[in-house]
Amino acid sequence: MTGHRPDTRDAGPRSAGSGLPARRAHATRARRKTGPAYPYALYLPAALVYTVIFLVPTAMAFYFALTRWTLFDSEFVGLDNFRDFLAEQNLSIGFRNTVVYAVVTSALKVVIGLGLGVLLTSKLRLRGFLRSLVFFPVLVSTVAVGITFSVLLKPDTGLVDKALALVGISGPDWLGDASTALLSVALVDVWKGVGLATVIYIAGILSIPTDYYQAVAVDGGGAWHRFRHVTLPLSWPATYSVIILSFIGGLRSFDLIWTMTRGGPGFTSDVIASIIYKQYQAGFYGLSTAGNVLLFVVVTAIVVPLNWFLGRRQVSP
Amino acid sequence: MQTSRRTMGTALAVLTMAALTSCGSGSEPAADGTVTLSFLVDNSQATLDTAKVLADTFTKGNPAIRVEVETRPGGTEGDNIVKTRLSTGDMSDVFWYNSGSLLQALNPAQTMVDLTGDPVLKNVQKDYLPVVTQGGRVYGVPAGTALGGGILYNRKVYEKLGLKAPTTWAEFTANNDKIKADGTTPVISTFKDTWTSQLFVLGDYYNVQAAVPDFARDYTAGTATFATTPAAQAGFEHLAEVHAKGHLNEGFGSATSEQGLKMLVEGKGAHYPMLSAMLPPLLKDYPQAATDIGFFGIPGTDPAKNGTTIWEPPGIYIAKSTEHPDAAKKFLAYIASPAAADAVNKVVQPAGPYRIEGARLPDDAIQVAKDLQAYIDKGATAPALEFLSPIKGPALEQITVAVGSGLTPPAEGAAQYDKDVAKQAKQLGLEGW
Numbered sequence: 001m002t003g004h005r006p007d008t009r010d011a012g013p014r015s016a017g018s019g020l021p022a023r024r025a026h027a028t029r030a031r032r033k034t035g036p037a038y039p040y041a042l043y044l045p046a047a048l049v050y051t052v053i054f055l056v057p058t059a060m061a062f063y064f065a066l067t068r069w070t071l072f073d074s075e076f077v078g079l080d081n082f083r084d085f086l087a088e089q090n091l092s093i094g095f096r097n098t099v100v101y102a103v104v105t106s107a108l109k110v111v112i113g114l115g116l117g118v119l120l121t122s123k124l125r126l127r128g129f130l131r132s133l134v135f136f137p138v139l140v141s142t143v144a145v146g147i148t149f150s151v152l153l154k155p156d157t158g159l160v161d162k163a164l165a166l167v168g169i170s171g172p173d174w175l176g177d178a179s180t181a182l183l184s185v186a187l188v189d190v191w192k193g194v195g196l197a198t199v200i201y202i203a204g205i206l207s208i209p210t211d212y213y214q215a216v217a218v219d220g221g222g223a224w225h226r227f228r229h230v231t232l233p234l235s236w237p238a239t240y241s242v243i244i245l246s247f248i249g250g251l252r253s254f255d256l257i258w259t260m261t262r263g264g265p266g267f268t269s270d271v272i273a274s275i276i277y278k279q280y281q282a283g284f285y286g287l288s289t290a291g292n293v294l295l296f297v298v299v300t301a302i303v304v305p306l307n308w309f310l311g312r313r314q315v316s317p
Numbered sequence: 001m002q003t004s005r006r007t008m009g010t011a012l013a014v015l016t017m018a019a020l021t022s023c024g025s026g027s028e029p030a031a032d033g034t035v036t037l038s039f040l041v042d043n044s045q046a047t048l049d050t051a052k053v054l055a056d057t058f059t060k061g062n063p064a065i066r067v068e069v070e071t072r073p074g075g076t077e078g079d080n081i082v083k084t085r086l087s088t089g090d091m092s093d094v095f096w097y098n099s100g101s102l103l104q105a106l107n108p109a110q111t112m113v114d115l116t117g118d119p120v121l122k123n124v125q126k127d128y129l130p131v132v133t134q135g136g137r138v139y140g141v142p143a144g145t146a147l148g149g150g151i152l153y154n155r156k157v158y159e160k161l162g163l164k165a166p167t168t169w170a171e172f173t174a175n176n177d178k179i180k181a182d183g184t185t186p187v188i189s190t191f192k193d194t195w196t197s198q199l200f201v202l203g204d205y206y207n208v209q210a211a212v213p214d215f216a217r218d219y220t221a222g223t224a225t226f227a228t229t230p231a232a233q234a235g236f237e238h239l240a241e242v243h244a245k246g247h248l249n250e251g252f253g254s255a256t257s258e259q260g261l262k263m264l265v266e267g268k269g270a271h272y273p274m275l276s277a278m279l280p281p282l283l284k285d286y287p288q289a290a291t292d293i294g295f296f297g298i299p300g301t302d303p304a305k306n307g308t309t310i311w312e313p314p315g316i317y318i319a320k321s322t323e324h325p326d327a328a329k330k331f332l333a334y335i336a337s338p339a340a341a342d343a344v345n346k347v348v349q350p351a352g353p354y355r356i357e358g359a360r361l362p363d364d365a366i367q368v369a370k371d372l373q374a375y376i377d378k379g380a381t382a383p384a385l386e387f388l389s390p391i392k393g394p395a396l397e398q399i400t401v402a403v404g405s406g407l408t409p410p411a412e413g414a415a416q417y418d419k420d421v422a423k424q425a426k427q428l429g430l431e432g433w
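So the protein lines, in turn, are chains A and B.
If you're matching positions, the first sequence starts at 1 in the UniProt record's numbering and goes up one per residue.
If you're matching positions, the second sequence starts at 1 in the UniProt record's numbering and goes up one per residue.
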């Protein structure tokens, strides 16, 4: 990650102009002298909103996780909710599904994203158009994607099965069959998310200096050599970002699964988030809060070391 | 500083205005003394049609009271809306909600107007009251009709194959074999709408009670379970059996209840385990459903004890936060009157008997309602378990989908449900769990 890095120290609006450096220096000096850049009153609304909408409920959640809570009243029950949540019959299925989903989606996004990235950085007619086309699904609401694909994937009457029937394949009941449900949702997730991976790869590939490609050409290497020995290793930072982003996205996935299968059929496509949501739906507010507290602890346990590790990597690549 | 203080003053004024205007909407009586009641109902077509007729005909008789119908989603999403609005004191004046076990979770003593001994209940049948009662206090009047939970069947298919409505499970299976041999789907299942998968278990309660009369009491006390009571586990076994025998429609895993009803009416499927109330909204598009579709209870083992499980009507309740309790009571008294039943009959075909003294089914009632009435006249009905016990496990619909798709063996499904029930009982804070 060498090269241009934007200077983020100055958060103020940048009006391009000749007087800028002088003004910036002045502002920095003034800030050091008087403390924050703006009067505290201006921070107040944001602080208030953050406190009321985030900090207070978060603190309350830790308390309500220890109670039997019906919204009307709550009764302190100690750690019972945590015990009950961990004894949840389908927690192990949910945990396994969460990991499978995260691994499948991030792996496919890396492979397809890299392929599309290479394709869309080559000299291609309609390149700009194709780039927008690939990115388009990222912009669509997840729920809308879920509902659309539920219709497309219907057995017999859905477009996917009809298309397969044209070539003589009788498609399965994608979302209603236990063996294909989770995988079908994962594939839709890839369709929706691969645009972002592609954009990251395009940026990564374009930042590779052309000297390397010229060197391969001088040595008489072909397209495969260019890809295998230049593009692939030098787009590693992009791969890294794609893996991390889609893995975290996969771990906390909920909306697509909920709109397409609701964790079904039975419990076969349940993930941690949908299990927690079902407790909430059943009116077990204390129990589902306990589940969220556990999820919070687990995510923190993964993200904090990861963040530290990534931060270190960025300093010395 | 001058500017910023003025800016802040303006901001404050805007905020205050916004707060004031957002609070002040609605419920003050208008200048001419008319009162407006808000009436929250779920958004199913049958409910909405019924609610609108009740509101319109009531206002005709009481021009000083207007009723505005509001809708909410059904299912668990709707439960949460009702609970949230009740607990924040933001409920509509009058609302339509389930009776039985779901009502218990609303904490009626704190959130609803107590109707015990009130003349509002004058016309309500006495045996309905327990399902809208908590702690000896009555909170609601019946909305619409009772309904049957059993099997809707296509009488045309039965006629063609010379079959008769089964009185035992063995007869039912024999019918299914013949129907399948004829190339028609014997049993329609629609597991995309997961709730529809529960009928074989919940609708079997009449048979459970016939075999184990004290099941509901012992189940509530935690001493009887589905896995250890063979009659109770039979429902799970039936579910597994129709799947194992290949009696289900193709694509049952992603079919919706709407598709299932269509299949039934068009004769592509012969049986659909369902609630009778699902039929009336279909009459608009398929008038033949009125005569072609019949109803029988889920058959058990003993032909002499053949009967059916019925669901009591939902209740209509008054929120404690209402500013017009008298107007609301007037509305409830009208709802629980034969006149209201007659008005509703004109718009929504009843799917079962009323729980209001003096309210009768119309002469041209649909076949399903007539079949259900025959069971009631025979005295061969039992209320569903959720009206006899406050506990109903929330994961039943997922478990029944898993059992009905052959993913979980029936005995294991019953055991999973017992655990789910235990969790619910603990969350309700019941004694002895």
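Hints listed in this document are in silico derivations from the structure and should not be mistaken for laboratory results.
A few of these clues could be false.
Stated by the list, open to error - With a cut-off of at most 30 angstroms between alpha-carbon atoms, the simulated DSSO-like pairs for lysine-lysine come out as follows:
id	chain 1	residue 1	chain 2	residue 2
1	B	K329	A	K162
2	B	K52	A	K162
3	A	K162	B	K262
4	B	K346	B	K329
5	B	K180	B	K268
6	B	K60	B	K122
7	B	K245	B	K284
8	B	K245	B	K320
9	B	K268	B	K52
10	A	K162	B	K60
11	B	K180	B	K370
12	B	K329	B	K305
Cross-check of the supplied hints:
Our distance criterion of 30 angstroms between C-alpha atoms is broken by B:K329 and A:K162, whose separation comes to about 56 angstroms. For the hint pairing B:K52 with A:K162, the CA-to-CA distance comes to about 42 angstroms; that exceeds 30 angstroms, so the pair is violated. Taken as a hint, the A:K162 and B:K262 pair is honoured in the structure, with Cα atoms around 21 angstroms apart against an allowance of 30 angstroms. A C-alpha spacing of about 24 angstroms is found between B:K346 and B:K329, which places the hinted pair at or below 30 angstroms, so the restraint holds.
Restraint check for B:K180 and B:K268: satisfied, since their Cα atoms lie roughly 11 angstroms apart, inside the 30 angstroms limit. Of the supplied pair hints, the one linking B:K60 and B:K122 holds, its CA atoms being roughly 22 angstroms apart against a limit of 30 angstroms. For a cut-off of 30 angstroms, the pair hint linking B:K245 to B:K284 is broken: about 35 angstroms separates their Cα positions. For the given pair, B:K245 sits about 52 angstroms from B:K320 by alpha-carbon distance, which is inconsistent with the 30 angstroms threshold.
Of the supplied pair hints, the one linking B:K268 and B:K52 is violated, its CA atoms being roughly 34 angstroms apart against a limit of 30 angstroms. Taking the CA atoms of A:K162 and B:K60, the gap is about 53 angstroms. The hint is violated against a cut of 30 angstroms. For the suggested pair B:K180 and B:K370, the alpha carbons sit about 28 angstroms apart, so the restraint of at most 30 angstroms is met. With a CA separation close to 41 angstroms, the supplied pair B:K329 and B:K305 exceeds the 30 angstroms bound.
The structure fails hints 1, 2, 7, 8, 9, 10, 12 (numbered hints given earlier, in ascending order).
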